[in-house]
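Read top to bottom, the protein sequences are chains A, S and D. Counting from 1, one number per residue, gives the positions in the first sequence under the working numbering. Counting from 1, one number per residue, gives the positions in the second sequence under the working numbering. Counting from 1, one number per residue, gives the positions in the third sequence under the working numbering.
Simulated from the structure, these hints should not be mistaken for lab results. From a predicted model like this one, the values you see are computed outputs, not experimental measurements. Among these hints, one or two may not hold up.
Stated by the list, open to error - If you want a taste of the chain S side facing chain A, the calculated C-beta under 8 Å gives, among others:
1. N94
2. N238
3. W239
4. L555
5. G598
6. I602
7. Y603
8. G614
9. Q624
10. Q627
11. L634
12. A638
13. E639
14. L645
Stated by the list, open to error - Quick partial rundown of chain S residues pointing at chain A, CB under 10 Å, derived from the structure:
15. V190
16. N321
17. Q617
18. T636
Ideal Cβ positions, reconstructed from N, Cα and C, are used throughout, including at glycine.
Listed below are the residues making up each chain.
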Amino acid sequence: MAEVTLQEAVKKFANDLAARVQNFVNDVSVLEVRTYTTPHDQVKILINDRPDVTEIANEGNVSLRAYTQVSFDGDTAICVPVEEDGSVDKGVWEIHNQTVEQAMDNRAKMLKSIGEAAASALTALQKTKE
Amino acid sequence: MSEETYLYFNGINGATGDYELPPMKAKDLSAVALGETISEELYRELKNRHDNQEAHYGINADTSDLAETGWAVIFAAKDKQAPAIREALKPLLNLRKEQATKKNETYYKEFMGAEGYRPGDSHLDFLGREPRQMGPGPANPEKVPYYLLIVGDPETIPYRFQYQLDVQYAVGRIHFDTLEAYAQYAQSVVEAETGGELRLPRKAVFFGAKSSHDQATTLSAEQLITPLSKEVNTLQPNWDVQTLLAEKAKKAQLGALLGGKETPAFLFTASHGMGFPNGHPRQFPHQGALLCSDWPGPRAWKEPIPEDFYFSADDVSKDANLLGLIAFFFACYGAGTPQLDEFSRKALKAREAIAPHAFVARLPQRLLAHPKGSALAVVGHVERAWGYSFMWRDAGRQLQVFKDTLDQLMAGVPVGAAVEWFNERHAELSVVLTNEIEEINEYGKRRDDAKIAGLWTANKDARSYVIIGDPAVRLFTAPEDEKPAKRPTVTLPDATKATLGALSAESGAAAENTAAPQAAADTPTDYAVPFGLKEQVNDLTTSLRQFTDQLAQSLSKAASDISTLEVTTYTAGDLETLAKGEETQVELRALTRIAFDGDTQIYVPAEKQKIEEGLWQIHTAMVQEAQANRAKFLQTMAEMATNLLKSLKP
Amino acid sequence: MAPAQSAFTLSGIALPEEEDPLGIWQLSQTTEAVSFSAAAETPEEPAWRIALPELPETAEHLLTDHLQALTLSEQDLGQAQQTLLALSTQEAVSFSATEPLAGPQAALLDAVEALKQPVSYDLKLQEDAETQKLYRQWQSFIEQVRRTLMHYARIETTLAAAPVGLTEVGWTGDFKTTWPAKTTGFSPHRQYHLQAVHLALGSRIALLRVVSIVSTGAAGLALKAAMPGAQVLLLPATWKFVRDVLKELRKSWPQIQSLI
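Extracted from the complex, chain A is given alone in its bound form (with noise of 0.2 Å):
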């Protein structure tokens, strides 16, 4: 029936979301930013499909270039990304800063988000008990 495969849908969508609500709250000491950099034949160019980017991001020759770690009460723990003769890489430094912000600017968004979405659901359900 319609209405049973919608409720039991509604009600998993509800306790997926309230789960990972409780899963950021349990680990939401820090934020990480991690920048990488694959050299250029690294990266699969392929025919008629697209490049396998699990493979470069996890098991290809990648180097992480710059790291930013920002704890709960603020502090922040940066790796600078450095050329061969100790300059700062600006390039890819002003890209991971960019991230950065961007990060901890939507992270609090989609918190706010998935969890109105997980308890606008929950109350339905409710309702629909009554």
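Starting from the known structure of chain A, arrange chains S and D on it as the hints suggest.
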């Protein structure tokens, strides 16, 4: 016909403009036929019918006299609307009772309640049960009258039951959405038979749609309509026989023939019937509608079929005057649609659903319940119609069944008896097919796929002609020495409507939803919907159900896959080729992966190739867009799902 | 009307009875709309195609207009939702006869009233071709939105028939965007495509919202009809109300001239 011969199905898919079914190989159909069995009892009945050369009727009596044949009405045992419908049909039931009991009181029966059709009944289960205790064979009116009117939808009383009963009996069916429609039909039949005013001109029209490069309508126009109308014209010199073909067989013309100023006493049409995908919004209202010559044909038109090309229930004017009309529609789904596909399955696999539930075609329903006066009956096809109805393998055109039927009809024989020739053909083909299959399966006869496929299809085709309407109705034309009269109109008095309205509300409040059980199961609640609106609620609920099912699936996917968000940016040397899905070279230029908790990883190809700043900026912008979109989408999905849950709650 | 060489087209899911209730997209089942290639086959998934003219000023203007239209549509949807909520709790929202929402409101309330007499309502359904057409249009619309749920989205942007960006959005919201290799630097074409992606995904979400608002609205109004089945029977009339309200409110967008 060789094994590699392809069999072409009639019927046009209104949603795509293409043929409803692709051609099938004879050997595939043959495999299906060989895997099928019919019950021994049914086989015996069919063989008995076939072997009985003396009479083609299922009764040894004057079929024009109900006092000799009897008449009965059959309701579903569990149909709680039955008392209300019976009330609405009362004028007709009273008339039939009067006619059937002139010589024998027992020749009129009402099979309802415990005596009605029970779920799962075969015709022999039904016939054999008390008080009938009737076995297979010709009708015995004392136990089960020859003329049988089934009242109910084909989901509750299946088409299969109707086919089986129809072997020996003259069977018709009516099913309407409202009590008023039942009452209108009943009143129209009574007026036609007893009012004394219905004296129609002896006019028969043969309407043959024909579209360019369309094999099916070329065949039906040239091998069915043209020769049949010519024969009738010769054999019925007292009838005005008109033939409309091709350019003269357009929708506007059909409108004039179905309720307009040119409406004849008898109308025979041959055309494609419209088909739609399972659950399509146009399926219930338009399946079986008659595709006219307005359709330019498969080569000129490769789009969905617009309503302008076909004649449906919607096109019957509210001022139509149809009283006394009997129509014969040679068209796919012209009388109705079963839930499961009879024809296109692959060997050994289950039949697929072609509709959410079985239903009667809307066009005959509309014609038989018109508020200004109804047609009396429509003979049509359930499921697809085939050229096998009138063409036979290497023998060519075979019109005898049609000729004999029309001959009887025009002589004033009731329609149920007149179409017995189709039952005889069904019986014959069943016996021949069963014997052939037995020879192959049991005695090792060499299999001729083309022959088996032909027999199987022709048999199903012959079986599937049904009457929508009372099988005891007949044509009412002016006697030769009398001048024909204008068709009277028949409208229900306001008092009757008011009574029926009250009945409807009562029966709706008391009733379970016994119509279309699959749709009923999907009706979101057990609330009692007023009887007349059940079909609309079911239709709307079906489409809503499909939507919520899809939403449920989407919701399940969305929630389980949100652990990371990935945004990738590529460049391609030839984007146009990529869009077509063809081989091309792409290069990954940036990747951002964001975990649910916000942890982010970015991957950038670098080394000798510098990071392109502009590309990176746009990649970053896409990341932001992706994050915003996902959040909003999840929220909207949740909101929509929860609102729908509330809507579906009683 | 949009310039002849431009088009904002949604294909792959549309049904012939329906038009875009947001008034932004042309619905098409063929690839007649400008795409990467005139010979391209209709993709399986819904494809949102934005074909822009060559002149940058015109292209930017068009995109801005359509994005503004999306924003205004979202606001108008909110107004429709509020009106429906008010109607379910009051007898009627007070509109003067000349106000744009008076007509749609009156039609909707008529539908609710008619349901209170189920026999005459059923006759209306049977005899009234307009009502039957409305039923079919609602079912077409919900079928259309159902198809958008079956797939996610594919957005293609062209400029003077040359492709400038292709984005495929997956179920989890993952984006895969492909640009022509020859486009470099801070090309405005990339911005156009980014805006097109925003427009397409925003429109998709707005269509889902329409379903949500209609179903909630019908459920609310069903209490007034006090008849079993009313919340389902009122869906077409409520959808018509929302569609007509959006249409009426669009008339007050004088600054957007380039919409279809």
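Tell me the numbers of any earlier hints that the structure contravenes, in ascending order. Of the numbered hints given earlier, those the structure breaks are 1, 2, 3, 8, 15, 16, listed in rising order.
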